[in-house]
Structures are given as structure tokens and as C-alpha cells.
Amino acid sequence: MKMAEKENEIQDIGMILLRIGSMLQSSGACTARIRIILERIARAYDMNANALITHRAIILTLLNQQEEPVFNSVKRTASVGVNFKIVSGISLMSLNIKNSKWQLVNIIKELDKLENAPHYHRFIVMNAVSLAGAGFCFLAEGSLFSMSVCFIATFLGLFVKQETTRIHLNPYLCVFLGAFTATFIAGAFRCFFPEADLEHAFATSVLFLIPGVPLINSFIDFIDGNLLNGIIRLINGLGISFMIAIGMICSIVIFNL
Amino acid sequence: MLLILKALAGGVAAIGYAILFNTQSSSLVTIFFIGITGIFIKAGLMLFGINVIITSFFGATSVGFLSYYLARYIKRPPLTIAIPSIIPMVPGIFLYRMMIGFVKLADSREITEHEFIKLLSHTYSNGIKAIFILCVLAIGISFPYLLFRKSSLHYIHKK
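As given, the protein sequences belong to chains X and B, one line each in that order.
Going by the numbering used here, the residue at position 57 of the first sequence is 57; the numbering climbs one at a time, nothing skipped.
Going by the numbering used here, the residue at position 133 of the second sequence is 390; the numbering climbs one at a time, nothing skipped.
In case anyone wonders, no lab produced these hints; they're calculated from the structure.
No residue lacks a Cβ here, since even glycine has one placed at the ideal position from N, Cα and C.
Don't take every hint at face value.
Unchecked claim - Derived DSS-like pairs (lysine-lysine); straight-line CA-CA distance at most 25 Å:
| no. | chain 1 | residue 1 | chain 2 | residue 2 |
| --- | --- | --- | --- | --- |
| 1 | X | K98 | B | K332 |
| 2 | X | K98 | X | K109 |
| 3 | X | K109 | B | K332 |
| 4 | B | K332 | X | K85 |
| 5 | B | K332 | X | K101 |
| 6 | X | K113 | B | K332 |
Unchecked claim - A few chain B positions that, by computed beta-carbon distances, are all more than 12 Å from chain X:
| no. | residue |
| --- | --- |
| 7 | V286 |
| 8 | F315 |
| 9 | I340 |
| 10 | T369 |
| 11 | E370 |
| 12 | E372 |
Chain X extracted, bound-state conformation (with noise of 0.2 Å):
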């Protein structure tokens, strides 16, 4: 019977990890931190984890003090879009199992309630997010005006990506039209305002589309020697790129810019 119950533990820690993995996977964070996260967890619990680490799965050995495996399964990721609450939240959870070997059961509550954390509130994240756009306008010398116009593109096209994105549209096709909406408003100013210099506007408009997680990623990716999921990421980093390029050069090519 012992036996029996430290055997569904070990199911159950495995479970937990893979479930874990696939949470950081998902949420942005690079592959050496996720390795670093489950060997930690593992640890705690007296085990070892050999983990294979793929942009759509995990496949993750548990080895016991003896070297033995113990548990082997895999669990595929879904791409669920960047979120640091989630990847700040089970660091910090792991480095607190490893000062206090965690009850299983609270480990869980804890996952489920990072799942399920509240976002910022939708009107302040498209704020946000439009008031960065005409900052980065400043940054490129923007007028007074280039940023006004900056702030209205980036905040339409935030929408049309955001709401893109709720109907579960391709994520490459969302960035195309939130990169054409972005530029076809800049562009539109552009047109009516000829003596306005809104190059900037036009230019900056787009940024808050930049896949900088996936790149910057991949980077260190590389650099860990994690190289196939560095290319996977550097080529998921490209496409959004190519796929903003894309959406601008519509827009460049309805106003004749």
C-alpha cells in the first residue's frame, strides 16, 4: 500500500512538472529557465529531471536517487501568448518548494491560480500600449502631431489584433491586420496632412506588433545551446516581422507613400 501511494506521487509530481513546463513554455519563458524550473521542483521531491524541451511539447523523465527512471510522459504546449505573471509566479513558487518541500495540493492551487490571474483591464492595456507607441514616436523625433496620430493608429490596430485574436484567426494573419490597420490610419493622416511630416508616425505605429519575446529568446536560446528551439523561435520572430512588413506595404502601396 505505501508503495502504491509513493508511486501515484510520483505520477502526480510528474504530472505537476509537465503541466508546469507547458505553462512556462507558453507564457515566453527561454528554455534554460524552464529547465532550471523543473530540475529545481524535482529536486525537492529527491528526484532528477531529464527534460526534452520542444516549442509544441515536453517529454520529461523523473530519475529516483538511483538513477532509476520513475516516470515518463509528454504533454503538448499550446501557444497561448506572452504572460510574465505566469513565468514570474512559478519562479518564485519553485524557489519557495525549495526552501519548504510543497504539499502536491497546493503546488495545484497555486498553477490554477496563476492560470487564471485577472490581465490589466483591456482599456488600460490599449492605454498603455498607444502612449508607449507615441513615446517610441518621440524617441524617433516625432512631432507633437506625429505622436497624436501615432497614439490613434496603435490603439485601433491593438483592437483589431486584440479582437483578431478572440475569434482565434491564424496569430500571423492577426498581426498582418494589425500591422494594415496601424499604417493604414498613420497613412490616411499622412495623405490628408501632406505638410504634416508624419514619416515618424507611420514608422512607429507598428512597434507595439515587434515580436521582441521570441527574439530576444531565441538569442539565449542559442547561446544556452538550446539551438533548435533558438531556430524556432528566431523563424516564429521572422514570420511575425515579415508578416508586419507585410501589412505596411499594403498601406504603402494604397497611399503611393
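Given chain X, work out where chain B should sit, using these hints.
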């Protein structure tokens, strides 16, 4: 004065991205501070006539180190602070000019050979600048990782 305004704009941009990435509200002040510092260093060095690639590298490295150390105090993974803070340094205007150049080059029926070569050189120059800046941003932000990651992995293996 313009430098301070630019640095503040960088901080605002960093906060915008932090909110977009759903970073915890307790990290926002740190991100704002690091965003300001990064742009202040980059724009400040540019006032001395230093190349934009070099200034971006110093700005990114300062963001990398600041986020690495401040992350310890607020108990957050360094990258969740560093990534939103670095994004204001992305060379958007160079990327845009490169793309416009490509579009014009693709539709170059009515321009002379001299104009074509001039356009090509401008496009090439903007593209190279943008790519190098993106590379130095990634290197700069990863600098503390490069220096300290080995030790942390070694520590985990020893445990």
C-alpha cells in the same frame, strides 16, 4: 532637457510593453526606471557623436545588468524585467526606411541607374544598421546571463 524628455518617453514605452506582456504591477516601477536609464545612456552617448550601434550596445548592457541585479531585490526572473525595458531601443525608423527602400527598389522602372545605386546604398545602410542594433540589443541584454548562467547551472548540479 530633450535628453530627459527622451528618457521619460523610453520609460513610458517600457511600461506600455510591460502591461502588454502582463507583467506584475509590482515590477512596473523597476521597469520604468530601467527603461529611463537605458534610453538616457543611449541618447546621452549619441550626443557625443558616438555611432548608434555602439550607443545601443551600452544602453542594452546597462539594461541587462540593472535588470539582473534589481530582479533579485523584487524576486522576479530578470528577463521579465529586461525584455519590456529593452524594447524602446528597437530601431523602428531604420527598419521602416529599409523596407521603404526595398519597396522602391522592387518598383524601379522609372529611375536612372545613378538613382538606383543611391537608393540601394541607402536601403543597405539602413538595413545593416537595423540588423546590427537588433543584434547588439540581444547581446547586451544577455550579457549578465552569459557571465552568470554557468555558475547557476553549476550550483544546481552540485546540489
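Status of each hint after checking the structure:
1. X:K98 x B:K332: 15 Å, holds
2. X:K98 x X:K109: Holds: K98 of chain X and K109 of chain X sit about 17 Å apart, inside 25 Å.
3. X:K109 x B:K332: 21 Å, holds
4. B:K332 x X:K85: 12 Å, holds
5. B:K332 x X:K101: 19 Å, holds
6. X:K113 x B:K332: Holds - the C-alpha atoms of K332 of chain B and K113 of chain X are around 19 Å apart, at most 25 Å.
7. V286: 14 Å, holds
8. F315: 16 Å, holds
9. I340: Answer for I340 of chain B: violated, closest chain X Cβ roughly 6 Å.
10. T369: 20 Å, holds
11. E370: 23 Å, holds
12. E372: 18 Å, holds
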